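Visitor: So the chains spell out like this:
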Amino acid sequence: MPSLGSDMEAGTLVEWLVKPGDAVRRGDIIAVVETQKGAIEIEVFQDGVVEEFLVPEGTRVPVGTPLALIDGDAGRAGDRAPAPNKTPSPAAQPKPQPVVQPQPAGAFRASPAARNLAGSLGVDLTGLKGTGPDGAIVASDVERAAGTAKAPPRTRSRGVEMQGAIAAAMERSKREIPHYYLSGAVPLEPALDWMERRNATRAAPDRLLAGVLFIKAVALALRDFPEFNGVWEQGEFRPSAAIHTGVAISLRDGGLVAPALHDADRKGLDALMAEFRDLVTRARTGKLRSSELSDSTVTITSMGEAGIDAVFPIIYPPQVAIIGFGSIVTRPWETNGGVGLTRLTTLSVAGDHRVSNGHRGARFLNAVRERLQHPEAL
Amino acid sequence: MTEEDLKRIVLKALTDVAPDIDPETVEPDTKFRDQFDFDSMDFLNLVIALHKATGVDIPEADYPRLSSLDDAVRYLQEKGAIGA
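Protein chains in written order, with my numbering: chain X, 1 to 378; chain V, 1 to 84.
Hints are computed from structural coordinates only; laboratory data are not their basis.
Quick caveat, the model's predicted, so the values are computed rather than measured.
Careful: at least some of the hints might be erroneous.
Claimed, not checked - Here are the simulated BS3-like pairs of lysine-lysine, each with C-alpha atoms no more than 25 angstroms apart in a straight line:
id, chain 1, residue 1, chain 2, residue 2
1, V, Lys52, X, Lys287
2, V, Lys31, V, Lys52
3, X, Lys287, V, Lys79
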């Protein structure tokens with residue numbers, strides 16, 4: 001299985017285009033492989049006769065796994081390589097025998113991922129001890145070498161580090177996720193009225209904010225729309241039984257985090273509000289927990305009081321949807337056949353078009369809107 | 001409670017809610033929202049902190065009356081704040 005990019009770890013052998021006994025010449029296309037970059041035709045690197053397939057069609061294998069035996073002139077092609085590893089672990093990389101990229105004679109053996117990592121970390125591969133199969137240098141060897149090397153200490157601030165992480169995630173999102181967007185106005189008079197009357201009878205620590213109504217409405221609606229709640233991993237959608245809503249929280253230094261409120265659909269509004277307030281406080285004082293940063297199954301973002309009508313949010317990978325709420329504004333609205341005023345928010349949904357589509361998105365958006373018309377049921 | 005006492009209390013509540021705000025830089029008659037990124041959650045936390053510090057329960061309807069340091073001090077004085 002060839003490496004078709006520094007971040008590629010595995011590919012699926014989709015179709016053999018030759019059969020055992022066929023004579024092949026260097027450059028002939030012999031198979032089709034499916035990767036994140038799409039279907040790629042792979043070429044054989046030398047003349048010979050196809051002896052045996054080692055990987056059946058439809059199998060996903062790590063980069064470097066031998067795919068076929070070709071009885072040819074070069075000794076390498078005649079190697080009886082070990083059986084392909086069907087349960088790849090990220091740390092171990094099998095002996096690299098790339099069909100497209102043969103190793104130059106005399107060079108040390110290093111996986112493409114290791115070479116790339118060495119380049120970016122400034123690690124010299126010569127003389128590095130490899131722990132991969134047959135002494136090949138793998139990515140973890142490079143990481144170890146970088147750790148023991150006398151590298152200058154990282155002086156980047158936490159804010160810059162966070163911005164770097166956000167940048168990487170957003171770049172990946174826009175590169176990999178085919179987004180579609182929907183938006184709709186959600187009248188909020190009944191909800192805000194209900195909330196204000198309730199808050200008037202309570203001391204400050206027990207009051208609600210509109211944001212928690214939004215979170216609960218989304219969480220409940222997601223129960224009926226599982227294609228918006230889960231992750232896309234290794235080429236497929238994995239819906240989540242649990243609903244852990246990530247909430248985008250802006251930090252005063254310009255940063256942004258979206259930690260999870262676990263099981264948001266199952267908590268009463270008061271409990272959810274207390275957790276939400278605690279989460280925001282800890283986010284803004286730098287005390288979040290790792291499970292909060294890794295468990296989100298969907299994200300909700302709100303423009304708060306920024307005076308923004310609608311947000312067009314970017315899905316946070318590997319999630320498959322993000323829901324946005326514009327600032328609450330007062331607008332003209334059709335009321336009893338005439339025109340009145342209402343407070344409303346513009347709700348927007350961005351979906352991953354590999355998992356959902358505009359029709360389902362519309363129904364989901366409508367479900368959220370409907371729940372916000374019945375705040376007492378939230 | 002003197003105005004100075006109340007000013008100190010409000011500033012302390014403010015920096016408890018937002019530790020990154022330098023109390024020396026707070027302009028007394030500029031709205032919090034205009035001086036630093038202060039949203040409804042920050043404001044709710046401020047209200048809770050002020051209740052704890054002064055015993056004054058601030059209803060939602062009165063929130064707009066505490067939009068700056070000076071406004072907050074004036075409001076708390078009016079409501080008979082009792083310091084901790």
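Visitor: Tell me, which hint numbers fail for this structure?
Guide: 3
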